[in-house]
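**Student:** First to last, the protein sequences are chains A and B.
Going by the UniProt record's numbering, 133 is the number at position 133 of the first sequence; the sequence numbering is gapless.
Going by the UniProt record's numbering, 328 is the number at position 328 of the second sequence; the sequence numbering is gapless.
Hints are computed from structural coordinates only; laboratory data are not their basis.
No residue lacks a Cβ here, since even glycine has one placed at the ideal position from N, Cα and C.
Heads up, a few of these hints could be off.
FRET-style restraints, in silico, Cβ to Cβ [to be verified]:
#	chain 1	residue 1	chain 2	residue 2	range
1	A	E356	B	P193	50 to 56 Å
2	B	R249	A	Q198	24 to 30 Å
3	A	C702	B	N150	53 to 59 Å
4	B	R249	A	Y236	53 to 59 Å
5	B	E152	A	I358	39 to 45 Å
6	B	N150	A	S59	52 to 58 Å
7	A	D290	B	E278	27 to 33 Å
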Amino acid sequence: MMGSSKPDILWSPHHADRYVICDSELSLYRIGAVGTSEAKAGALLLSEETAATLLAINSDTPYMKCVAWYPKHEPECLLAVGQANGRVVLTSLGQSHNSKCKELVGKEFVPKHARQCNTLAWNPVDSNWLAAGLDKHRADFSVLIWDISSKYSPEAVPAEKLRLSGDADSGMVVTKPLYELGQNDACLSLCWLPRDHQKLLLAGMHRNLAIFDLRNTSQKTFVNTKAIQGVTVDPYFQDRVASFFEGQVAIWDLRRFEKPVFTLTEQPKPLTKVAWCPTRMGLLATLTRDSNVIRLYDMQHAPTPIGDETEPTIIERGVQPCSENVISSFAWHPSTQNRMVVVSPNRAMSDFTVFERISLAWSSTTSLMWACGRHLYECTEESTGGGAAEKDIATKMRERAQSRYGHDTVQLWRNHLLAGGTDPQLRSLWYTLHYILHRLSQYTEDLEQRQQGSKQSLIYSGIKNIIKSSSGTTESRRCWKGSDRPTDVAQYHSEERSLALQLCGWISCGPDVDVEPFLKSLEQEGEWERAASVALFNLDIRRAIQILNKGASAEKGDLNLNVVAMALSGYTDEKTSLWREMCSSLRLQLKKPYLCVMFAFLTSEPGSYDAVLYESRVAVRDRVAFACMFLNDNQLPRYIDKLTNEMKEVGNLEGILLTGLTKDGVDLMESYVDRTGDVQTASFCMLRGSTPEVVKDPRVQCWIENYRNLLDAWRFWHKRAEFDIHRSKLDPSSKPLAQVFVSCNFCGKSISFSCSAMPHQGRGFSQYGVSGSPTKSKVTSCPGCRKPLPRCALCLMNMGTPVSACTGTGKSDEKVDLPRDKKLAQFNNWFTWCHNCRHGGHAGHMLSWFRDHSECPVSACTCKCMQLDTTGNLQPSDNV
Amino acid sequence: MELHILEHSLKVASIAKEGIQICTHGLIKLAFLPSKTRCKFFSLTETPEDYTIIVDEDGFKELPQSEYLSVADATWLALNVVSGGGSAASSQPIGVTKIAKSVIAPLADHNISVFMLSTYQTDFILVRERDLPMVMHTLSSEFTLLRVVNGETVAANCSGVTNGFVKPKLVPRPIIHPLSSPSNMFCVTSLDPDTLPSVATLLMDVMFYSGGGKEMGAQNEDSGHIRFFSFSLIEGYISLVMDEQTTRRFPNNVLFTSASGELWKMVRIGGQPLGFDECGIVAQISEPLATADIPAYYISTFKFDHALVPEENIQSVIGALRTNESTGQ
């Protein structure tokens, strides 16, 4: 008859390897690793690692409605079974019948009027107490608390009255409960409150939850709600209770019992089980009817009712412990974290561990932390000297910030050395910026060339735009140097083209178009192949050969260069010569790109230099310079456009040469930052932008702000200040406005009217900076009303300001060559005061005071000023 | 104390014995297949005269229109007293007795006709829907009035209109109608809804086929056996009232019984059909019983009322009622 009922599952409260499946009978299983229990026949596989062995079956108790496991260690397998007729029977499973257990097993607790027993709960402290929740009877109580140690009470039932109970063994029948609660109502679920074991939470049919105190049963706290099934207390937070009704779970806080703290999203099907995880805080599992999904609700960070009206942060997810199989019931393992066993209607069981969500966080210094369950893992970048793997960009930026990358404003190209000197893109970028600035300074020096003011912006706008404005190109056929033979190679000249060549760095400024200085510098750096090809492109084969020879004979030189020189010397413009044929095929096997393009140039048809122009291993600036020399007015802009788009797409900083510091350049930089995350380079580069529009671009502002935040996060405050100074020089609009003013106590006027810029520091503790000359002269009175300024709490002297305080001159006076202690002395003179107690004095005095004290220096003031300053206690991690 | 006004709109009907076969399909559906209907409140009581059906509007649709089916014209609402369970005082008076003084007497004083249905689980006091304002006015002083709306229990607002209500007449209530007490003893019991299918055929037999023609003649004998059976399925709970002989036909352990195995004797009220308008009948019986602290069940049917009292108390009950009868005359 009860075969239709779905199996439920219970873990032993103390034996972590035992559980009971109850449907029409009780079956005790032991769970173990596959290996150990495999030997036994009939072990059921629960997962890949675990199997269960059936230990015992108990079918003594038909009409079973609910079961509760005795909470104490001894007797270990004592179960209370609530039956359809309201009787509660004590039974046992797989016991060697010890005396204590024997006395209890078979004992029956009979209510006055029979009706279904809905729920059972053992008192967690006084384990003799067993609460049974029954259906409604018009004249009886719905909650009976039985004392299992109580003896049969003979006065209760005359023998003839037992005729309907049909019970011969009446000595084991108890009919007098210890307590009776809840009249004229059904009890659908109940639980003891762990905080006070005399208190019981009941859920009645008349839609209420009620808390009874057994010491005074006439008093109760109760609340009307539909959620009256399955009340269960959070084991980690004993004021938190979950109860459910149909598809809805309500979470209650017993301290504010008037309404649920929150309800979980309603499920379409009625819930059958709701259980808190005993091994993980704030994790609730719910199961609905005919479902194969257990829904988990993580309310670890859910609000308490005290912080009212905040949207609860509950993370919901579903798990499918046994894929398609419908789950009948589940039970959390009492001690293994997040583990449960689920049982399906056909009694198939499976062992399942809910995988904990992983939460992950990056630190500002490239280390990574993640937490899973009770474990915390840290992953840091290994700082091995060799560094096979490329360092993370954050590490790189940190190192570069420390080496003052970006701050060399005189010789811009040196910045790539500050960045480590290994990144070809950065090298190209800083050289480009260097050439742009260099060229620009030439223009500004030529005061008579005023009309070329437009050129000024043109230089910033990149070769792409320079070429577009080109006009008056002249074509010429030059001879190979040192030979009278004219080439059939056409070369093009224009003012713009030579400007482009200047920006490429091939030629220097002025009327001089000699590449010799450039070749010399390349030779110095040992870039033999590059130098040779540049010489060749300038139609100087002899120079090229000479460079190659030099390269071969140099220290650690490549002797192969001699061979290349030899091959080069055999150049002939005979179209059908063997030399030409062999060079054009064998050049492809050359590993060095510059050697490759040299032969490509020599063997190509006039006017079609694709093999040179699209050799991506050759630096962009060299290809662009080459294009400027050998492509005609039609080909050149097409090529430049194509190359620009390519550079923008991949975010190659070499392309800045083409785009300049324009909107186009920002686009290119955007894709560079997207690719690398290097906001540092982006910030420094774009601060050099010509027009305010470029610097004002939201992307640029975003990079700058992020870089500043990054520096702050690394506690590189001095570096950040340095960056701000650098920024304000290049972008005057970024200067922060004065945010703090000191007003006179007497006249209310600002005492700093002559100073517009003031550093602004911290939140709780502000300093007022007095910039200016290092002279010791001070104004100790308000310039407005001549009343004295407040006194320093420590030296008791009036606060003073330098007489000639004026930022305009002050800025430039703030030279680095001031002695270190004098510079500090300036800061030491700053006004500083606590926002809380309003006491203060000279910054230097205050700092030294708080080095040894925690309370305010003013007597009788107990303000802990310095502790209120969140940033005041942090130490910068960079040194000045 | 709380008084819950349930949301069922109830009809009270009578099916003549000879017409029962027309209605059996619907009745079986209502009694044994609750998942097939939306009915939440169903009660069937067989008396020698007829079958009395109390059913909500959803369930009423299951019954056919027939000349054998007579329906009381009013719509009834069920009231249910919830003690709130606080007091743990032992030996509380059971059932109707408990609410006699607090509900039934005040309603009688205000000339409100009530229809009683006691079940194993609780007592329902049925009042006409149109009397509800008066009922609420009458009982608001003693009870917290709660109304069930869409399954939610909400406080019922008792509009304090007192004008126009008749002043209660606080007069003694003599017993007007003749009483009789059949000889058979009754059980008030219930069973686990899960086991209902296993005894469904037996119950059908008891409900529809045990009323033999030969008992028809014996119905007026005061001391003779009376044919009386009541089945109700209300909000999922089953309640059964049957005589002792009938209980023996059920398998062991199916019927819920009290530990003491108590049995009840019946007091039948009325010589001729009582109708629905007369008030105070329940009060006449229950008040003396409450005074004597005798527990009782009370089941109203279409024609007569029935009180069940413990068998050991039947003599004192008759005594108490007789006293009341004589003082009334």
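**Student:** Give a verdict on every hint.
**Tutor:** Hint check results:
Range check, E356/A to P193/B: about 42 Å between beta-carbon atoms, so the 50 to 56 Å window is missed. For R249/B and Q198/A, the Cβ-Cβ distance of about 47 Å falls outside the hinted range of 24 to 30 Å, so the restraint is violated. C702/A and N150/B have their C-beta atoms about 54 Å apart, which keeps the hinted 53 to 59 Å range intact. As the Cβ distance of R249/B to Y236/A is approximately 54 Å, the hint placing it in 53 to 59 Å holds.
Range check, E152/B to I358/A: Cβ separation about 42 Å, and the 39 to 45 Å hint holds. For the hinted restraint 52 to 58 Å between N150/B and S59/A, the CB-CB distance of approximately 43 Å leaves it violated. The hinted range of 27 to 33 Å is not satisfied by D290/A and E278/B, whose Cβ atoms lie roughly 52 Å apart.
Violated hints, listed in ascending order, are 1, 2, 6 and 7; each of the other numbered hints is respected by the structure.
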